[in-house]
Amino acid sequence: MKQHDIQLDSEGKLRHFLTIEGLKKQMLLDILDYAENFSSVGNRQVKKVPLLRGKTIANLFFEPSTRTRTTFELAAKRLSADVLNININTSATTKGESLLDMLHNLEAMQVDMFVVRHNSSGAAHFIAQHVAPHVSVINAGDGSHAHPTQAMLDMFTIRRHKQDFTKLTVAIVGDIMHSRVARSQIHALNTLGVPEVRVIGPQTIIPNEAAHLGVHVYHDMQQGLQNVDVVIMLRLQRERMEGALLPSEHEYFHMFGLTEKKLKLAKPDAIVMHPGPINRGVEIESTVADGPQSVILEQVTHGISVRMAAMSMALGRSSLAEVQD
Amino acid sequence: MKQHDIQLDSEGKLRHFLTIEGLKKQMLLDILDYAENFSSVGNRQVKKVPLLRGKTIANLFFEPSTRTRTTFELAAKRLSADVLNININTSATTKGESLLDMLHNLEAMQVDMFVVRHNSSGAAHFIAQHVAPHVSVINAGDGSHAHPTQAMLDMFTIRRHKQDFTKLTVAIVGDIMHSRVARSQIHALNTLGVPEVRVIGPQTIIPNEAAHLGVHVYHDMQQGLQNVDVVIMLRLQRERMEGALLPSEHEYFHMFGLTEKKLKLAKPDAIVMHPGPINRGVEIESTVADGPQSVILEQVTHGISVRMAAMSMALGRSSLAEVQD
Amino acid sequence: MKQHDIQLDSEGKLRHFLTIEGLKKQMLLDILDYAENFSSVGNRQVKKVPLLRGKTIANLFFEPSTRTRTTFELAAKRLSADVLNININTSATTKGESLLDMLHNLEAMQVDMFVVRHNSSGAAHFIAQHVAPHVSVINAGDGSHAHPTQAMLDMFTIRRHKQDFTKLTVAIVGDIMHSRVARSQIHALNTLGVPEVRVIGPQTIIPNEAAHLGVHVYHDMQQGLQNVDVVIMLRLQRERMEGALLPSEHEYFHMFGLTEKKLKLAKPDAIVMHPGPINRGVEIESTVADGPQSVILEQVTHGISVRMAAMSMALGRSSLAEVQD
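Chains as they are written, first to last, in the numbering used here: chain A, 745 to 1069; chain B, 745 to 1069; chain C, 745 to 1069.
No lab work stands behind these hints: they were computed from the structure. Be aware that one or more of the hints could be misleading.
Some but not every residue of chain C turned toward chain B, in silico, with C-beta under 7 Å [as the list claims (entries may be wrong)]: (1) 794; (2) 828; (3) 1005; (4) 1008; (5) 1009; (6) 1011; (7) 1039; (8) 1044; (9) 1045; (10) 1048.
Here are some of the chain A residues that sit facing chain C, going by a computed Cβ distance under 7 Å [to be verified]: (11) 786; (12) 791; (13) 1045.
Think of the CB as a built atom: it goes at the ideal place given N, C-alpha and C, for glycine as much as any other residue.
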């Protein structure tokens, strides 16, 4: 069985959400459409819908992340689910119970969904392969592999501003090689029919497989930003710097930091995105991050809607009619 | 006043749940019957009942335990109560506020129930002796003294499989001397009329008081398992090993680990139980833990129902009719 | 704009609750009146009202405080809000995201209210100055500056026992200089028309500005307690002792600890208050803390009501009629 098959149930509906890779265009559009419906929930006086009332969702975070955990927790609460936050120190897991024993125990407590973050690529898939038939898994980031809800909130944000994916040029700037975010974004952009996806970064961090992913590689930001509709900046992982894969922070900013001046090379109505948290003055200048073309905070808002959509679709309880009511 | 008297209110109803010792058979049967009713809640689409809506339950864990705390938290949420998780570093308690001052403060916040885990035997009793009249206490494990909800979920599991307690032979295997689980199980089995309770373990760890508890002591597992209906394995506390009270892990497994071969000595339809988390290859072989006679994960599921029963009985809001509706 | 102006919206209603300073008498009375209505909620079978259902409240605690956080969490849950607890290690904030970026992200997640505790005076004001128009901020204690909900629960407790503020003599005893509690109490007592507010403490810790605050300074507790209606003891911060600003603990108790004997100097019906947690035998004798004149635990109970009042007023959803129904 290929990795992506595991994501669908026998009727072809979304059961797990582990990776964008292998999902059909219509499925991605469905997620975006559901998310549109949830988008209005956040602006209501009562920001809750009863779709997942009585469901139990466990956040299994093997890697610390207050920010991502919080958005999943909020999404679950706004769907009226009960949420368990389980922060797992990896070393403790090793010493005591095995991962599978822990999972089976949580299943025996009738947990309906695991939201999993793990620093090993493939962890969410491994868990999805071993859960009971009634349990769904959402990948909240695994190693350098995938971060599908992040990619979908990015697509949601792009669609809000640019409507038609099939006419866009999108540039992703940064440490592509180590970025689960970039990998998921590239799959989503390709699937949704974006004709030109560019990746921009230093020579050391552009993967050899870039060509296989159907992207155009630029090592010169001035060239790469020419006429793009969307600029997606990645967070610089400072620990890479120390590993000597990257030049100094100062040099990095000079070469690949997004400044007002460089942004002028993109189309005048280009939008600027970033998965957060931003390193001001490292990969992005503050005036750009806070400027009129930045949609960075919108991405955060849409993240809640997209996660509500993925959760309710995977738990098979949602229909557009129910949400719209 | 004897310890067990404190558990009942003036009408003889359960107010605190601190220990099995001294409770009447009918009370234990009532808990099992209530739990049967809650058992179906976990399989509903909406796994919630409004019995404890607007009640506040505080988990006071002086000893870390993600697993037990989680089951109490889930039980409380499925009863619609509000839950406060308060993890107390014992040293911090010593330095700052006294335990009683902390309790009185939580009472002043109109907390209705304390679920207490503490590494000192008697801690839950101490707390129950000092709470206000409207507050209930549930012992979630105190030192090597008692763990009554664990014992009752075990009784629930046994009844599901064996119906009539009065015809059973039950063996408990392991470090009986240090086990609050074993102590509570023995009281429950005796009270429910199990005619033969056996404890099996190395000579160093069989308590002198075994005879007083009305159990039969075996130091040879081959003999002890003959014809039993139920095998309850205890978790080996590795820290005992270092204290030289026990042989090596390897030797322990050889003598008291449950293997497929040894299990053949029990009745063919014997069930295998374990309070979890299991040490695979230490006190139990994986093929037995995952085998057809194992009911270990069922125990976890029943743990939620039994805790819902104890909580709702102690808060005096539950009647079988209400749950069944 | 003066600090206190920021607290009111364009109609003069409470939007943020940052400090007592500058608020009008009628506003303080409104808070007390709302709190009276919530006071009965804690005694109901179902201790919840749906006033803030679907609202999201984030507890931002930059300084650890289980006790205060718990009361805010309970207040929010009893108003049916969803609560996020975000404990922030200050050093982590510095390294990663800036405070403002974190705030803007939480706002983008449609958080409606921040409850802020911080060890820097002015932190809550700073945050209030930067939040979006729909977001409210409640100061849960900032440095040595203010702790307005504590002061209001104290006023609530005094009114319950003494009714008319305009006939009282109130003494505050302890380390006034470093106490955000004392500062807020003094402003509240003055605004509510208490004719005589006394502060009692060692010479080193009485602020020069005492006169400006409209209080009478005593360095001799025997003199200061004469004929008072209310004695408010402050918690001795032991870390001050080491900084040599204060005499030894023993000496402090001798001079400024509240004993039964010293309490006799106050009016026979004087009440004794303390914000907690108390240091028994340091600033207060146990027989006084637990004695008939102590209202220390009542304060805790009223703290929930006062916080429910401040939260629902600031979120603009509350009317007396709604609560009374």
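Hints versus structure:
1. 794: Cβ of residue 794 of chain C sits 11 Å from chain B, so the hint is violated.
2. 828: At about 14 Å, which exceeds the 7 Å cut-off, the nearest Cβ of chain B leaves the hint on residue 828 of chain C violated.
3. 1005: 23 Å, violated
4. 1008: With a closest approach of 25 Å, the residue 1008 of chain C hint is violated.
5. 1009: Interface hint status for residue 1009 of chain C: violated (26 Å vs cutoff 7 Å).
6. 1011: Status violated, d = 25 Å.
7. 1039: 11 Å, violated
8. 1044: 4 Å, holds
9. 1045: 5 Å, holds
10. 1048: 6 Å, holds
11. 786: 4 Å, holds
12. 791: 4 Å, holds
13. 1045: 5 Å, holds
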